[in-house]
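Undergrad: Residue strings, one per chain:
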Amino acid sequence: MASMPVIEVEQLHKRYGDRTAVADVSFSVNEGEIFGILGPNGAGKTTTVECVSGLRKADGGRLRVLGLDPVKDRAGVVAELGVQLQHSALPPNLRVGEALRLFSSFYERPADWRELLDVLGLGPQVGTRFSKLSGGQQQRLSIALALIGNPRVAILDELTTGLDPAARRDTWELIESVRDRGVTILLVTHFMAEAERLCDRVAVIDSGRVVALDTPGELTARLDVQQRIRFVPSAPIDDGLLSDLPEVESVSRRGEEVLVVGGGDALAAVAAQLARQGVIAHRLRVDQPSLDDAFLAITQHQES
Amino acid sequence: MTTAVLPTPAPAPHRRSAFWLLARTEGRLFLRSAGSVLWTALLPVVAVVVLGIVPGTRHASRSFGGLSPLEVYEPILMMYVFLMSAVNFLPAVLTGYREKGVLRRLSTTPVPPGRLLGAQGLIYLGVGIVIDAVILVIATAFGARAPHQFAGFVLSLLLVAAATMGIGMLITAVAPTEKIANALGLATFFPLMFFAGLWIPRPSMNSVLRTISDYSPLGAGVRAIQASTTGHWPPAAALLVLAGYAIVCGAAAARLFRWE
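Chains as they are written, first to last, in this note's numbering: chain R, 1 to 304; chain L, 1001 to 1260.
A couple of the hints might just be wrong.
Listed below are the simulated EDC-like cross-link pairs for lysine to aspartate or glutamate, each with C-alpha atoms no more than 20 Å apart in a straight line [stated by the list, open to error]:
hint, chain 1, residue 1, chain 2, residue 2
1, R, 132, L, 1099
2, L, 1100, R, 158
3, L, 1100, L, 1214
4, R, 57, L, 1260
One side only, chain R facing chain L, incomplete, derived with CB under 8 Å [claimed, not checked]:
hint, residue
5, 89
6, 90
7, 105
8, 138
9, 267
None of these hints come from the bench; they were simulated from the model. Just so it is clear, CB atoms sit at the ideal spot from N, CA and C, and this is done for glycine as well.
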C-alpha cells in the first residue's frame, strides 16, 4: 500500500479581487520526495505555495499538509513545516547567531543552530548583522531558518535566486542532504537546471493551471524536439550529401562550422555519411532537448 | 560551504520561553539603533538636567499658576518620552517589519507575529516608564515637588502609555510603508506636543486652546499628572479622555491591522 501523501492539493483556487491567481491546481507530494513547481512569472507558483503553507486562505479546493488543514490546523502544521519565503528579510541589526537562536526557541525539537550554521557555511558570520550579509549569505540564512525547527516538510520558494553558480551548486547539495534525512521538499523555481538536478517530479504551472506533471526526464523525452548537430568538417563536403539524408531537415553553415538539424536519428545518419566520405567531424556538438526546451514547448503551447 | 548531513535534533530540548527571548532580542535591537535611544531616552533626560541647572526655573512663578518652570515642563517631558517611543519609533519599526516580510516570516513559525507586536509594545512601554522615572527623580532632586498623590500619578502615567500606544498602533495599522509611518508619526507629534504645552504651557494658554488641550491625549495627561503633583486625585475628565483615546485607537488599530 502506498504511503499517505505528505502534501495534497486538490483543485486549488485563489482570487485576488477580480484577478484569478490560481485557477485549478492539483498535485500531491509523497514522503521523501523533492517536488518542483515550475512556471513562468505570474503563473501562480508563489500563491500556490503560500496557500499550502497556510499564509493565504484558498477560495476553493482542498489542501492537506501531513493530513492537516494548513489554515484550520495551523499549530499542527507550522510545527512540522519549514518555509523559506521570497522577499523575506530580517531586522537589519539582527546578528546571524541571534536570529538562529531566536527562531530555534520557537520549536519543540529544534536543530542545533550552531551545527546548522556550519553546514550552511555561515559559521564565520555568526556575529554579522543581517544588513551586512551578502545576498547569498542572506539566502543561506533564510534556508537555515526554514530548517531550524527540524521540519518534516520544507517549502522553498526561489531557493537559489540571486546566488552565484558556486553557491547555487552548494545549495543544491545541501537540499539533497536534507532530503536524504527524510524531509519532503516542495521547491518553487524558474531554473530548469535546478529542477532537472533536484526534483523527482515537477508540476509545470501556467496561468494558474497545471499543464504538465511528470519526472523531468519524462517531460523531456515526451518532447518531439529536433537534434542540432554542429561540427567543423576536416575536408570540404557538399551540403547536398547531408541534406539528401531522410533523417536531416536542414543544413546551414556559419563560417567553417556546419549546422545540421534533424530528427532523433539524425546523428547516426550524419556520422555514417561523413565516414563514407572520409571526413572527420571536428568539434562535434549535439544539442539534446533539455527541460528548458520542454518547459518552453509546454508553456508556449498553452498560449497558442 | 561544506555540505554534510544536517544536524540531528538537539538531544536535551530545554525550550526557553520564546516570548522573552523575542522581547530580549527586540530590546537589543532597540539599543543598537542610535537614533531611537538618543531621541527617546537621552534627550529628555538631558533636557530635565539642563532645566534643573538653570537657576530661575526652580522658583514658583505666578504666570505658571504657582508652579515653577521645572514643574511645568517635567510632565511635558514625561509625555514627550511616551509620544516619541510609541507614536514615532514603534510604528516605524513595525511597518518596516511588515514591509520587509519579517511578520510574514514569523507567521510561518509556531510563534504568531502578534507576539512580536507584544514584545515591541513591552519595550517601548518599558522605555517610557524607566525614562519617566529617571525624569521624576532628577526633577525632584532639583527641587520640583514630588507627586503627593502617587497612586494617581502612576495611574495617569499608565493611561498615557495606553493612549499613546493606541495611537501608535493605529498609525502602524493604517501606514502602508515605513516612510508613511514616519510622516504620520511626525504629523501627530507636533500638534500633540503643542497641546501638551511644549511651546505655550497650559497655564499660559487662552481658554480655547486650553479646552482643546483638555481633550487632547497629552494635554489630558499633563493635566492629570500636574494634579497629582499638587496632591490631588487626577480629574476624572482627564483620565476618561486618556482611556477614550486608548480604547478607540486600540480598537480601530485591531480592526485595521494588516500582517502583510
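Undergrad: For this structure, which hints from the list above don't hold up?
TA: Hints 3, 8, 9 not satisfied by this model.
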